[in-house]
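Work out the full structure, taking the sequences as your base and the hints as a guide.
First to last, the sequence lines map onto chains A and B.
In this text, residue positions in the first sequence follow my numbering: the first is 263, and each later residue adds one.
In this text, residue positions in the second sequence follow my numbering: the first is 1124, and each later residue adds one.
These aren't lab readings, by the way, just hints derived from the structure by calculation.
Only true hints are included.
Chain B side only, calculated, beta carbon under 8 angstroms to chain A, not exhaustive:
| id | residue |
| --- | --- |
| 1 | PHE1233 |
| 2 | PHE1237 |
| 3 | LEU1247 |
| 4 | LEU1259 |
| 5 | LEU1292 |
| 6 | TYR1294 |
| 7 | THR1299 |
| 8 | TRP1303 |
| 9 | ILE1649 |
| 10 | SER1690 |
Now the stretches of chain A that chain B is said to cover, found in silico as 3 or more residues with beta-carbon under 8 angstroms:
| id | region |
| --- | --- |
| 11 | 337–343 |
| 12 | 425–433 |
For lysine to any residue, the following SDA-like pairs were computed, each having C-alpha atoms within a straight-line distance of at most 25 angstroms:
| id | chain 1 | residue 1 | chain 2 | residue 2 |
| --- | --- | --- | --- | --- |
| 13 | B | LYS1222 | B | ALA1184 |
| 14 | B | LYS1715 | B | ILE1777 |
| 15 | A | LYS380 | B | LEU1293 |
| 16 | A | LYS380 | B | GLU1278 |
| 17 | B | LYS1176 | A | ILE397 |
Every residue, glycine too, gets a C-beta built ideally from N, C-alpha and C.
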Amino acid sequence: MAGVQITATLTARAERWARKRQGTDHRAIRLRSRRIYILPTGVGAVFALMTFAMLLGSMNYNNNLSFVLTFLLAGLGFVAMHQCQRNLVDLEVSFAGADPVFAGQTAQFRIAVTNYSKHRRYNLQLFADAVRGDIRDLGPGESRVFQLGVPTRQRGLVRLERYGIRTLFPFELFRAWAWLHMDLSSLVYPNPADPAPLPPPSQTAHGHRQHDARGEEDFAGFRQFHDGDSPRHVAWKAYARSNELLSKQFAGADTSSQWFDFDRVNDDDTEARLSILTRWIVDADRTQRDFGLRIPGTEIQPAHGDTHRHRCLEALAMFNATNRIKAAA
Amino acid sequence: MKKRNGTDGSLLASLPWTLVALTFSLIPHVQYMPVWITVSFLACAAGRWLIEKQRRRLPPAWLRVVLALAGFIGVFASYESVSGVGPGSALLAVMAALKLLETRQRRDQFVLLFISIFLIMASLLREQYIWSLPFLIAGMMLTTTAWLRMSISTEVSICDTFGTGGRLLLYAAPLTLAMWIFFPRIATPFWAVPIDNGSASSGLNDQMSPGDISSLSLSDAVAFRVNFRSSAPPPRQRYWRGPVLHRFNGRTWTGNEATPDLRAQDSIQVSGEPVEYQVTMEPTQQQWVFALDIPYELSLEEAFMGPQQQVLRAQPVDRRTAYDAVSYLDYRTNVDLSQTARSWWYLRLPDDSNPRTVALAKQMHLVAGSDKAFISDVLDMFGKEEFFYTLEPPALGSNPVDRFLFDTRQGFCEHYASAFAVMMRAAGLPSRIVLGYQGGEMNPMSDYMIVRQSDAHAWTEVWLPEEGWLRADPTASVAPERINSGMSAARFGDAGASWGLRAPAQWLYNLGLTWDAVNAKWNGWILGYGPENQNRFMQWLGMDEPSWRKMALTLLVSVLVLIGGISFLLVRRYRPPQKDEAARLYLKFVRKVGIRTRSGETPREYAARIAAQNAAPATEVNAITDWYLAARYGPPDARSLEALQDAVRDFRAISSGRSNNHPETLQKAT
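Following this line, the structure appears as structure tokens:
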């Protein structure tokens, strides 16, 4: 256990040192050999021991052919070391975006890696702390987007202060890597609560005006039926004619727009409220219903569409987010 | 539900290469290993491949344990030991077979590849032929390929992997060479572990019965090679002295186990010219060390001289061994031989054996009148009477000397030597048998002498007062051509055929000699690159007083330089190519036009401007501009770049339009 702790301490120190040495990186970086580190792996250590044992054997028997084999292995080790480091040099690494996710899901950071040289780069892998990406190659002149999935637990911003690209090529005797400090982050929406009924219309209309179902409002036209529309508004006659479900729209009573109000969620806990609001937004968005969001300090007018959904969810994610900076996994 | 323990086929890409590499590394061991090991390895390899292919289960743990126990017991039973190269490589093979049965992950294959490398190493410890080097390289090639294959993605072709492995080995080659040359060699081993290379002791034995040497005569194997520093002695003086036998039981001659005798060296008195030479002995697993007659000096560690001036080494000669020696062909030894030694060692004959020989000797001694006359009479008897020299003498039964001298009269050197020594003893002259080699042929393809097992010979030494031990070779009387031109030459003549020797075609024989010359160089320079050779080579390279410090320093420097070179090669390899060939060509075009581009001017504006100034043919300028734009900004297409190249090359500006009126800065067109 002590060994693990020492390793962890050393790693943390090395990381701090590298950060201090390299500074913060731009969003697109050409990997220079200055920032590529290399250390032997466990297999490399075993290989070195084996080669040393063979050297002793060769010396003992003064056997010049086994000297050849021993030195060939040693030479191969040296070559592998340089090849391993060179496998990373002059790659271009750039941030290619990350999509927001709900808390509990895995945030996928997209990192584009480009190989401008005429030779193939083998077995490249992105990593960050405990996270490992897929191992992939880059052909000559090829550019590929690598995904780095970072698990999330809490809403807010998931931060990726540091990630790395590494390779074990050719013989897994050495591990070469580069740390990149791009201070990336991605938005994490609150985790949607269990499916919950939308708030009753009584709570939704602006000014608490109750919708009168008896239809005093002026008929304003038809629109496509969505889940949640009242069956009383369905144009059944039109349905009989065209087999198309349409809802009657009435002016003066926007029945499809709802307000989701933080203060009116029936729960004491802030996070639970945010979760329920998230659920409502997700469901409302799925039914293409207009909705507005009101949380302390923010009010978003009813609308629909992906941008609106994102605006609302972002507001929820970042609600009182000053204390959520460390939300990263 | 997924079957428990079923393989997932993830090794399908890498396993075959691991198997190929392992099998290849095992090939040189097959002839030394019990058949069951080879068979079980192949069975395990094939079985493992099928398991992976058909996604079956690996054998259960208890079965693997049972197989492992059986394997180790089997190896122990076959070799009765677990140390040494033989059992070691057998154990490696068994381990590889067992490891295969539990290889589940990619990483398990590391163990298999390391075993493969150890198997190559073991085969090199066992034998170092010329083909061992290509074998080593091929084995490493396969191993690196398998190694790379283990982690490489499936989209990479095997040719690509092979190329990568080859490239890495090629980079490693100069490093290997530098380390091999400069790594300081030491003379003495740290610990002595005998290398059991599976071969029984070969060459001369330390006893002699009829038939012993004639069986050797059929072997073409090299016993040792000799480089003479001075001129080689004539064939009839090429006696390579080995074991000395003095005890006779009526049929078999044996000697004493030799112990170092410091007085033996002192009792030699030499005269005449010394012969200096170097002997490179093939391993015999015996202690005998051969030199020209009685050596005056011999530079071999742990070698000593026995009481009968025979030379031995404390350790059996278990690998090729080279030593320098000096011999004088004129010498006298043991001028005073004690009465005890005479009667107890050199005059004893078993009672009641070979009575007719004893009677004949006594009678001839009486007739001759003197010891010297008696010796020459007996030698003459072998020469003049009807004795035959043959490799296939008839069986002799009891009293073999009697039967040989009076009945069969057909024999090989051991028969003559034995009969002669018995006759000497019967007449009261101390005598003993010497085993060794007689002859040796100079290799015309190179400047050294080959002594083969077929040159094995037996002769006698007779002691006379005042003169000491004298060599007497009755075979020389019977078959003088054997002594004068050697065994190898004799086989081409009629004599060879009559001895039952095969006579290979002359060209084949010459080919063999050439091959032997190559082998001798290989042995001398590659295998024999020890402390002395290294010292010599360092001096040749210009190092004064080579020491291990200097060599280690040179090693370090050369390795660092080579690593720097490899690093540079790799830097160049992965440097992005010169980005803008098109821009370079366009700049060349601008230079040819002679009018500089203005800053911020697009190529089309530039083209229009120079066309307006009538500095160049408009069509060509427009074509070049189009190609340039296509090559630089269009979709990647080698054609437009080629066209641009051609167009720029063929472009000629109108000379009158060349003007220096536009001193704008020369700038890269964008």
